[in-house]
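Once you've looked at the hints, dock chain E against the given chain R.
The chain contents come next:
There are 2 protein chains.
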Amino acid sequence: MTQLPAYQELARRHLRMHRLGHLQSIAHWDRSANMPAKGNEARAAALAEMGGLLHELATAADLPQLLGSAEGEALGDFERASLREMQRAWRASNALPTALVERLSLATSRCEHAWRSQRPANDWAGHAPLLKEVLELVREQATRLSQATGLSPYDALLDQYEPGMRASEVERVFADLKSWLPGLIRDVQARQAGETVIAPQGPFAVDKQRALGRAAMELLGFDFEAGRLDESAHPFCGGVPEDVRMTTRYSEADALPALMGVVHETGHGRYEQNLPREWLGLPVAQARSMGLHESQSLSFEMQLGSHPGFARLLAPLLNRHLGEQPAFAPDNLVKLLTRVKPGYIRVEADEVTYPAHVMLRFEIERRLIDGSMQVEDIPAAWNAQMQQLLGLSTEGNFKDGCMQDVHWPDGLFGYFPCYTLGAMYAAQFFAAMRREMPDLDARIGRGELSAVFDWLQAKVWSQGSLWETPELVRRASGETLNPAHFQAHLRARYLG
Amino acid sequence: MTQLPAYQELARRHLRMHRLGHLQSIAHWDRSANMPAKGNEARAAALAEMGGLLHELATAADLPQLLGSAEGEALGDFERASLREMQRAWRASNALPTALVERLSLATSRCEHAWRSQRPANDWAGHAPLLKEVLELVREQATRLSQATGLSPYDALLDQYEPGMRASEVERVFADLKSWLPGLIRDVQARQAGETVIAPQGPFAVDKQRALGRAAMELLGFDFEAGRLDESAHPFCGGVPEDVRMTTRYSEADALPALMGVVHETGHGRYEQNLPREWLGLPVAQARSMGLHESQSLSFEMQLGSHPGFARLLAPLLNRHLGEQPAFAPDNLVKLLTRVKPGYIRVEADEVTYPAHVMLRFEIERRLIDGSMQVEDIPAAWNAQMQQLLGLSTEGNFKDGCMQDVHWPDGLFGYFPCYTLGAMYAAQFFAAMRREMPDLDARIGRGELSAVFDWLQAKVWSQGSLWETPELVRRASGETLNPAHFQAHLRARYLG
Chain R
1 MTQLPAYQEL ARRHLRMHRL GHLQSIAHWD RSANMPAKGN EARAAALAEM
51 GGLLHELATA ADLPQLLGSA EGEALGDFER ASLREMQRAW RASNALPTAL
101 VERLSLATSR CEHAWRSQRP ANDWAGHAPL LKEVLELVRE QATRLSQATG
151 LSPYDALLDQ YEPGMRASEV ERVFADLKSW LPGLIRDVQA RQAGETVIAP
201 QGPFAVDKQR ALGRAAMELL GFDFEAGRLD ESAHPFCGGV PEDVRMTTRY
251 SEADALPALM GVVHETGHGR YEQNLPREWL GLPVAQARSM GLHESQSLSF
301 EMQLGSHPGF ARLLAPLLNR HLGEQPAFAP DNLVKLLTRV KPGYIRVEAD
351 EVTYPAHVML RFEIERRLID GSMQVEDIPA AWNAQMQQLL GLSTEGNFKD
401 GCMQDVHWPD GLFGYFPCYT LGAMYAAQFF AAMRREMPDL DARIGRGELS
451 AVFDWLQAKV WSQGSLWETP ELVRRASGET LNPAHFQAHL RARYLG
Chain E
1 MTQLPAYQEL ARRHLRMHRL GHLQSIAHWD RSANMPAKGN EARAAALAEM
51 GGLLHELATA ADLPQLLGSA EGEALGDFER ASLREMQRAW RASNALPTAL
101 VERLSLATSR CEHAWRSQRP ANDWAGHAPL LKEVLELVRE QATRLSQATG
151 LSPYDALLDQ YEPGMRASEV ERVFADLKSW LPGLIRDVQA RQAGETVIAP
201 QGPFAVDKQR ALGRAAMELL GFDFEAGRLD ESAHPFCGGV PEDVRMTTRY
251 SEADALPALM GVVHETGHGR YEQNLPREWL GLPVAQARSM GLHESQSLSF
301 EMQLGSHPGF ARLLAPLLNR HLGEQPAFAP DNLVKLLTRV KPGYIRVEAD
351 EVTYPAHVML RFEIERRLID GSMQVEDIPA AWNAQMQQLL GLSTEGNFKD
401 GCMQDVHWPD GLFGYFPCYT LGAMYAAQFF AAMRREMPDL DARIGRGELS
451 AVFDWLQAKV WSQGSLWETP ELVRRASGET LNPAHFQAHL RARYLG
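As given, the protein sequences belong to chains R and E, one line each in that order. Take the first sequence: its position 86, counted from the start at 1, is 86 in this note's numbering, and no numbers get skipped. Take the second sequence: its position 221, counted from the start at 1, is 221 in this note's numbering, and no numbers get skipped.
Next comes chain R alone, as it looks inside the complex:
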């Protein structure tokens, strides 16, 4: 066997992890989309075993030496960026012992699986002990990551999803939001109060909604030869870049939530489907961050999905698949899609009230991680924040309150800020697109969506993890994160 240069050997190792991780991703998707109840114990054990194995590969004893040797090799710019991402992956893995990774995998499998039936049953008492177990392990994870990185425990978690982002910056951005968002919500609601909006008349059969969702995905350029749409308790986009597995959930009472959920996940799906294929297997080929991932889903769901021009493209699809009705007339559809109304459910929130959902989760999860709040305190804190931010009570209503999301049961603490960061990146990207293409809105209205897709492909999708987030955002839009674009977008769309 010839001695490979260290960089080549590292690339080979990552390709192996990528291939084994493929099976884990598919089994993870299957667990949510297909798996019958009694399969859970064996699946959890299998996923934990694989999690442990991948962790062993990611922390192999000779990696520090290989990473060090590669540093000294004559690498081009691409290989330098690739090596930087390998180092990042190693640091994150190496901070955690394999046993903790396996225990976390088992605890989140158990908690997530139970959540699926406990949520509809509003069973917080049954859920809390399982979530407690997850939280304790995540706290240990945060402590370990903190020790390895020098970041605070919460920052160390956040850094996994949005590398380089800090809670202090999130706080600064959210403080700004809080200064103008409540007023904006009031103004928009006052303005919309006089509008007549026709509600869709259900029921809408699930198989018709399924066909509608597929039609919307086709309109949005999803490649069905490299992915699928299925159903799960919590919509998500999983699978692998070569085979993207999106899910949604249907309610016969209303077709729009599932449809817009599909539009949202299609943004994730297209990012994955269009990651740089020739580097696949290397960490540098992965999506840059979860904040950027959400910027793509929200570019689709909000920037595009609630755009008056896009509504005119959706209207004929709705009429074709669900039958014509006055609610689906383009002008009314725009009103439906831009209706601002505080509600309980984050994934069904309009883009104006959405940040409130994120802010309350951010405040609660920070305190859960720093230990100043316990699992038992969540419902009361949730209720208080919902009252304060959106004027709604979730007292005793756990299923539409603190049990609505899969994130915490799944061990994802530190993820929620990515949604609002994503909304801000998306607004910033569309502002940049409009500077480059002054006729962008007209083109969207004419169905020339490739104007949007080509821009995102060039600036985001094709870039993988070649740049750190601020640099990617700067190269795409001319400046690093600037929340002013989000405020300007909301004011233009809702009060313009």
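Hint data in this document are derived by calculation from the structure and do not stem from the laboratory. Predicted model only: the values in this text are computed from it and were never measured. Heads up, a few of these hints could be off.
Unchecked claim - Quick list of simulated restraints, FRET-style, between CB atoms: (1) E:Lys132 x R:Glu9: 33 to 43 Å; (2) R:Thr480 x E:Gln65: 55 to 65 Å; (3) E:Glu448 x R:Pro120: 33 to 43 Å.
As the list claims (entries may be wrong) - In silico EDC-like pairs for lysine to aspartate or glutamate, Cα to Cα no more than 16 Å straight-line: (4) E:Lys38 x R:Asp223; (5) E:Lys132 x E:Glu376; (6) E:Lys208 x R:Asp207.
The beta-carbon is built from N, C-alpha and C at its ideal position, and this holds for glycine as well.
Relative to chain R, chain E alone:
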């Protein structure tokens, strides 16, 4: 770390392989049931990587020493049987280099995936080169296994699916079959020639067939909390014992083939769902052999499925799900299910002509493995044997001829004899049941199917791989394989 006794350490290793193998099984099922076309390359690479990894674990350098030490430990009868199966697994794995296992995995992924579109297109010219590649690797596999076991190359393959069985014994059994089967087919056809049989009037919508299939599975005791029914190009029963994944395929023209395919796979499914749960992860907990596996599917599809008493249970399900029609009257249904008619397709064959399909495959695959026949020779040999055994020509008709089965594209050479061995075991088991329960047929007619299931559970399912096949069969039925029961069964049912 305390030093585990060798047997305990071996059990721990097998549990790990069982858990990782779980992900492989689910991804394998997903490939056939869900995966879009462009996902194949990445999936093939992932499955090959995992195949290689599992092979490395199964051939770890210290296993011979551990197996040797365990031999000397104070083991009970159960642990002795368990150790015997560990040794069998080690021998089979150790005969093959990891690189060959990975190459075979890649070649069969490629060939199987292409077959799915090549078969409907009748594209033998496109298929042959891919099958050639698989065959060459299987020949190498057979040679390696032969060197390790001292068996002939074909016997070494057969031994993987039916441990202890030899081609010479299959030949002896098939020679006996050939002496009376053609005459029996003629006699049955002559007798049935005067019968009036009403054909079902389609089309039958796929969603109705799906519901019918599920109803039949419920009647047969399938646990839907521990398994699913989906669709694939070639029906199979996959997944893991804790989460059985059955598939079928539908034709709107006729509902019975899919229904009886489901009944067949349910036999496999119940065997898997009822394997001894407390030993899961050990080789001794696995199904004894593929011959016994097919004995269960054919116990369901043929012994039970074509039983006049069972037809009376199926009739109301057909009427309920597909609408009443004269064809579904119980007496007519019995005639439909026991109609003997030479046809092209093995999986749709009646139980009388079925062995002919197996015999021709056995003769061809033996010669493919010993090198006296090449891939290019298959269509002519197929046609000649079909003409001779069933009086049908497959000239130019590859899709209903030598391209109809997934086995060879999937690298499964040496498997086909298991179907007819299974039919014989099944007939022998039902003969034993009737000796123990003289009112068995009346009980089936009354819907007391637990009489059958409890017997199979006690004698076959719960036994896993505790005994070698002849011993399991002897303990269940009082004697080792005796083909006379199969002949007696066919004569009683079709000429009685």
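Right, here's what the structure says about each hint:
1. E:Lys132 x R:Glu9: 33 to 43 Å: Given a distance of about 35 Å, which is inside 33 to 43 Å, the answer is holds.
2. R:Thr480 x E:Gln65: 55 to 65 Å: holds, 60 Å
3. E:Glu448 x R:Pro120: 33 to 43 Å: holds, 37 Å
4. E:Lys38 x R:Asp223: Holds, at roughly 9 Å.
5. E:Lys132 x E:Glu376: holds, 9 Å
6. E:Lys208 x R:Asp207: holds, 14 Å
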